[in-house]
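*Asks:* Below, each chain spelled out in residue letters.
Number of protein chains: 2
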Amino acid sequence: MSGWLKIAGLGPGAEAQVTPEVREALDAATDVVGYIPYVARVAERPGLTLHASDNRVEIDRSRHALQMAAEGRRVVVVSSGDPGVFAMAAAVFEAVEAGPDAWRDLDIAVLPGITAMLAAAARAGAPLGHDFCAINLSDNLKPWALIEKRLRLAVEADFAMAFYNPRSKARPEGFARTLDLLKTACGDARPVIFARAVSTPEEELRVVPLPDCTPEMADMRTMVLVGSSQTRVIARDGAPIVYTPRSVAS
Amino acid sequence: MSGWLKIAGLGPGAEAQVTPEVREALDAATDVVGYIPYVARVAERPGLTLHASDNRVEIDRSRHALQMAAEGRRVVVVSSGDPGVFAMAAAVFEAVEAGPDAWRDLDIAVLPGITAMLAAAARAGAPLGHDFCAINLSDNLKPWALIEKRLRLAVEADFAMAFYNPRSKARPEGFARTLDLLKTACGDARPVIFARAVSTPEEELRVVPLPDCTPEMADMRTMVLVGSSQTRVIARDGAPIVYTPRSVAS
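Sequence lines, in order, name chains A and B. Each step along the first sequence adds one to the number in my numbering, with nothing skipped, and position 17 is 966. Each step along the second sequence adds one to the number in my numbering, with nothing skipped, and position 211 is 1160.
No wet-lab data here; the hints were simulated from the structure. Heads up, some of the hints might be wrong.
Note that the list lumps identical chains together, so a pair holds whenever it fits in one copy or between two copies.
Unchecked claim - Here are the computed lysine-lysine pairs in the BS3-like style, where the Cα-Cα straight-line distance is at most 30 Å:
id, residue 1, residue 2
1, K1098, K1132
2, K1118, K1091
3, K1132, K1118
4, K1132, K1091
Construct all of the structure, not just a fragment, from the sequences and the given hints.
*Replies:* Shown next as structure tokens:
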């Protein structure tokens, strides 16, 4: 019996955004491992065991998945969005590097998914149509000073910015500091997109000029996209279109 | 008759990475518009007209698509990867903003796809598992000095980096200058991933320490991913795993 481990991205929420290769991996799996709300998106069926766990246990979850694959099981670790962007793929490889040598030779693959920033950008128009950066605003795993340094440099580089995990109940102050920093460093009224629960029935999209942004506009289900200095807003009936042109004049 | 325009991402190449919502849009379309090799990925069928055009005509192509949607046709503009990342979505919205007011009220949607950097990252492991940036290395639409500025700031921010359009026959020198800049600014042997034609039968993946990188390792079908200072390489039989840990120590 030859086991394998696939680290699969379920996309932001809609079934129509799950790729066929991810669907096929789930259909072939004996075990699905992941954070509770993501495992809940996988249908139960005979022969499939669902292993749902809480967040903040990513390494334990990874070891469990690797151990099962080493025992010959067909294991899918599920992430929301894309597994390589602030999700489970890095955690699994941390566990591989720290684990027994035999884990390095397991059949492991990462199956990409539609990551939240690209789903959110698509809803708003094309705010990431020029150079951009992606920053995880959680300081659980890195010092806050590093986040602030990156924000300042990203403004100086005139990147559009995508923020993952902007705000949680446990860390309400980080996003407030982020907005204060951006208002000062940018000094303009560039558009900010608050995209909550994109592609689900609870989807909400707001486009707000930077000076008018307030911290409570985001929660942990919100992707925040900040335009560059070049980003444009096209007003129309209904939601405006936000896009960043491809060109920058010399 | 009510027309619409969908700007759809076909993913990097494999059919198994095309989302169901994109497939459905193609099935419902009367017209598909795009760059020749991307339109070639759409199967012909009765009732569907394929409009393939060369590159560098993105605005003409966008106007044509908008005009057809305004006339009541069901139009899909196809991009490789994700349409919002260095692809057709920004071009269409540039055309909307410059075009007749009526175009603003058209039924326009962007359907995200698996963008090349995430497909390439998945093949290599999880090199974009921490904060990162995406830069288009073509200076067709922006001054080279701006690209260099962004590269320097990205190194200072210690972002992992994803480079689109690293090198073309018409612009062979830009990528050479990029590598020179990075070798000096980074001053280490961080891994660089050259991922060519990912998810297609011609796929090639190389992991090369930065000091050993040479310009001819990339062409226009190559995504280049550069690690941050924290990026790790796990050696094993076969291709190594490259990943960037989630944590940075205080």
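*Asks:* Work down the list of hints and note, for each, if the structure agrees.
*Replies:* Here is what the structure says about each hint:
Both within a single protomer and between protomers do K1098 and K1132 lie at most 30 Å apart by alpha-carbon distance, with minima of 15 Å and 22 Å respectively. Taking the shortest Cα distances, K1118 and K1091 sit within 30 Å of each other inside one copy (18 Å), while across copies they are farther apart (41 Å). Only within a single protomer do K1132 and K1118 lie at most 30 Å apart by alpha-carbon distance; the minimum there is 23 Å, versus 42 Å between protomers. For the homomeric pair K1132 and K1091, the shortest alpha-carbon distances inside one copy (23 Å) and between copies (26 Å) are both at most 30 Å.
Hint compliance for this structure: every hint is met.
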